[in-house]
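Protein chains: 2
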Amino acid sequence: MESNYKNESVIENGWFREINTSWDGFSINLKVEEILVQQKSEFQDILIFKSKSFGNVLVLNGIIQCTERDEFTYQEMITHLPMNLHPEPRRVLVVGGGDGGVIREVLKYKSVTEVVLCEIDQMVIDVCKEHLPSMADCLTDPRVTIHTADGAEYVRNNPNQFDVIITDAPDPDGVAADLFKKKYYQELHTCLTEKGLICCQGETVFLDLPVIKEITASCKEIFPSVGYALGNTPTYISGVMGYLLGSKQQNLDFSKPVRRLSDEDLDTMKLRYYTSDVHTTAFNLPNYVRTALKDVVDSCR
Amino acid sequence: MESNYKNESVIENGWFREINTSWDGFSINLKVEEILVQQKSEFQDILIFKSKSFGNVLVLNGIIQCTERDEFTYQEMITHLPMNLHPEPRRVLVVGGGDGGVIREVLKYKSVTEVVLCEIDQMVIDVCKEHLPSMADCLTDPRVTIHTADGAEYVRNNPNQFDVIITDAPDPDGVAADLFKKKYYQELHTCLTEKGLICCQGETVFLDLPVIKEITASCKEIFPSVGYALGNTPTYISGVMGYLLGSKQQNLDFSKPVRRLSDEDLDTMKLRYYTSDVHTTAFNLPNYVRTALKDVVDSCR
Chain A
1 MESNYKNESV
11 IENGWFREIN
21 TSWDGFSINL
31 KVEEILVQQK
41 SEFQDILIFK
51 SKSFGNVLVL
61 NGIIQCTERD
71 EFTYQEMITH
81 LPMNLHPEPR
91 RVLVVGGGDG
101 GVIREVLKYK
111 SVTEVVLCEI
121 DQMVIDVCKE
131 HLPSMADCLT
141 DPRVTIHTAD
151 GAEYVRNNPN
161 QFDVIITDAP
171 DPDGVAADLF
181 KKKYYQELHT
191 CLTEKGLICC
201 QGETVFLDLP
211 VIKEITASCK
221 EIFPSVGYAL
231 GNTPTYISGV
241 MGYLLGSKQQ
251 NLDFSKPVRR
261 LSDEDLDTMK
271 LRYYTSDVHT
281 TAFNLPNYVR
291 TALKDVVDSC
301 R
Chain B
1 MESNYKNESV
11 IENGWFREIN
21 TSWDGFSINL
31 KVEEILVQQK
41 SEFQDILIFK
51 SKSFGNVLVL
61 NGIIQCTERD
71 EFTYQEMITH
81 LPMNLHPEPR
91 RVLVVGGGDG
101 GVIREVLKYK
111 SVTEVVLCEI
121 DQMVIDVCKE
131 HLPSMADCLT
141 DPRVTIHTAD
151 GAEYVRNNPN
161 QFDVIITDAP
171 DPDGVAADLF
181 KKKYYQELHT
191 CLTEKGLICC
201 QGETVFLDLP
211 VIKEITASCK
221 EIFPSVGYAL
231 GNTPTYISGV
241 MGYLLGSKQQ
251 NLDFSKPVRR
261 LSDEDLDTMK
271 LRYYTSDVHT
281 TAFNLPNYVR
291 TALKDVVDSC
301 R
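From first to last, the protein sequence lines stand for chains A and B. Note that the UniProt record's numbering has the first sequence beginning at 1, numbered continuously upward. Note that the UniProt record's numbering has the second sequence beginning at 1, numbered continuously upward.
Simulated from the structure, these hints should not be mistaken for laboratory data. The beta-carbon is built from N, C-alpha and C at its ideal position, and this holds for glycine as well. No incorrect hints appear here.
With a Cα cut of at most 30 Å, we get these calculated DSBU-like pairs of lysine-lysine:
1) A/Lys31 / B/Lys213
2) A/Lys108 / B/Lys294
3) A/Lys220 / B/Lys270
4) A/Lys31 / B/Lys52
5) A/Lys50 / B/Lys31
6) A/Lys270 / B/Lys213
7) B/Lys31 / A/Lys213
8) A/Lys256 / B/Lys256
9) A/Lys213 / B/Lys270
10) B/Lys31 / B/Lys129
11) A/Lys110 / A/Lys270
12) A/Lys31 / B/Lys40
13) B/Lys213 / A/Lys52
14) A/Lys270 / B/Lys294
15) B/Lys108 / A/Lys294
16) A/Lys294 / B/Lys256
17) B/Lys31 / A/Lys31
18) A/Lys213 / B/Lys52
19) B/Lys256 / B/Lys213
20) A/Lys52 / B/Lys52
21) B/Lys270 / A/Lys294
22) B/Lys50 / B/Lys40
23) A/Lys52 / B/Lys31
A short, non-exhaustive set of chain A residues, derived as facing chain B with CB atoms under 7 Å:
24) Lys52
25) Ser53
26) Phe206
27) Val240
28) Leu271
29) Asp277
30) Val278
31) Asn284
32) Asn287
Here chain A is said to cover these stretches of chain B; the calculated rule only asks that three of the stretch's residues, wherever they fall, bring their Cβ under 8 Å from a Cβ of chain A:
33) 25-31
34) 52-62
35) 277-291
Work out the full structure: start from the sequences and follow the hints.
So, in structure tokens, the structure goes:
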């Protein structure tokens with residue numbers, strides 16, 4: 001499969017520069033101490049480097065996917081938002097996310113009996129096991145099943161299987177393009193159990209609002225309840241990541257988690273970003289986002 | 001006055017690179033189309049350039065202060081948070097903020113009879129009038145008085161004068177160092193009227209948490225009620241800016257604005273970021289921030 005991204009990210013004078021034509025003229029740079037992996041898989045360019053101040057960094061097709069220092073912000077939000085909107089999540093599917101970070105968070109719930117990871121690129125799993133162990137170590141947990149396969153295809157072939165499905169995809173201009181289409185949301189809907197929820201990487205509101213509007217509208221054609229939340233991840237361009245949620249339940253109030261986590265829970269689960277108040281807050285969008293999405297997103301007030 | 005910053009921000013191959021020793025190895029880059037101003041005032045290096053995708057950009061001592069495209073996020077939060085915690089703000093002081101952006105927001109309140117701008121650097125005011133008119137045009141409003149003077153000194157000499165004081169300062173490692181000290185908070189306290197409030201630029205939680213803890217602790221020694229809020233500004237490093245609030249009122253609930261803005265109000269006031277819900281939720285901090293600040297910040301739950 002040929003990736004068709006047009007990024008020109010480079011390492012120059014000891015700095016990694018993230019460049020993407022979708023956010024032309026705006027770039028995050030990280031100082032590089034050592035390049036650990038630089039190779040081309042069947043699906044994408046894979047780069048892992050040791051940075052000066054953010055630990056090891058995974059880059060796919062030129063775009064930062066995670067850094068050891070701030071990955072917790074993203075993994076916690078994309079996981080604990082949907083998990084705390086389901087009364088008892090038992091079987092969870094993670095599409096993409098071969099780094100293992102989301103799985104690590106999912107496994108914190110005692111109700112979970114099985115987590116399936118469906119990652120298309122075995123090489124991502126392999127290099128993360130070696131260089132991002134704080135995320136990927138959990139992949140050996142007995143509750144985890146790994147399929148190296150196309151996520152959309154897996155979802156299509158496994159109807160009525162999962163309580164929560166998390167799509168931890170890169171941006172929609174490369175290998176993951178199919179994971180942002182209406183057809184995929186339809187298949188996710190079929191793959192869920194009765195009270196099931198999805199949560200997907202939802203792009204960055206300041207730069208991608210027209211795309212986000214399109215994606216959320218597609219999702220709303222399939223799911224009776226659609227929510228959109230925001231959280232801060234410093235090394236994602238513009239500093240804010242969106243999370244798109246869909247539920248099979250009518251009139252779900254996304255801002256109300258079904259269980260509140262006490263300070264003791266937060267400690268036990270080692271949560272550094274997510275709290276029950278952060279959950280509620282995440283659905284209150286800045287006015288420019290709220291007005292753009294209010295016709296298609298139920299959680300917009 | 002000699003500025004003592006150690007930034008090495010540069011324009012190289014058509015890109016502006018922001019570099020600061022406080023957040024070593026992490027940098028925001030903006031593509032430059034044209035340099036409009038590059039000069040040294042009595043107090044600092046001043047750079048204004050036209051960027052490829054963020055409009056004109058003001059840089060002081062190598063650090064991005066505002067861009068035309070995303071300045072609204074910052075100006076709205078630093079202004080409307082304190083303004084909506086005061087029952088009837090009439091006289092408002094803005095310390096720093098020679099670009100005029102905060103003044104523009106303050107003038108949106110009909111109750112306001114006078115806004116005083118106290119900016120130490122006349123050159124900042126002059127270049128902003130020329131190159132950032134969407135912010136600086138308001139400085140000719142009849143309700144505005146401009147003092148080109150040291151903010152700390154002005155505050156010291158004007159006790160019991162202002163209902164709201166907004167300190168729109170650069171980071172504490174240059175000309176603005178005095179504006180982050182306990183002595184300054186003491187003087188602000190004296191300068192306020194009975195139910196007065198302050199709101200200050202509060203640094204970036206992901207990178208400056210130890211400094212923020214120190215600053216908020218100093219503030220708490222002076223003000224009976226202290227709040228700390230967050231908002232997203234894409235071109236500030238890490239994407240999130242903090243706002244430190246102090247009130248002379250005991251037990252003020254910062255998360256409850258004294259007036260709620262309707263959709264019509266938001267339209268009339270041309271607010272693109274701030275809403276009353278955004279106000280409330282801005283004080284809900286990610287767990288790592290909440291646990292670091294909860295002993296000194298009253299608004300931390």
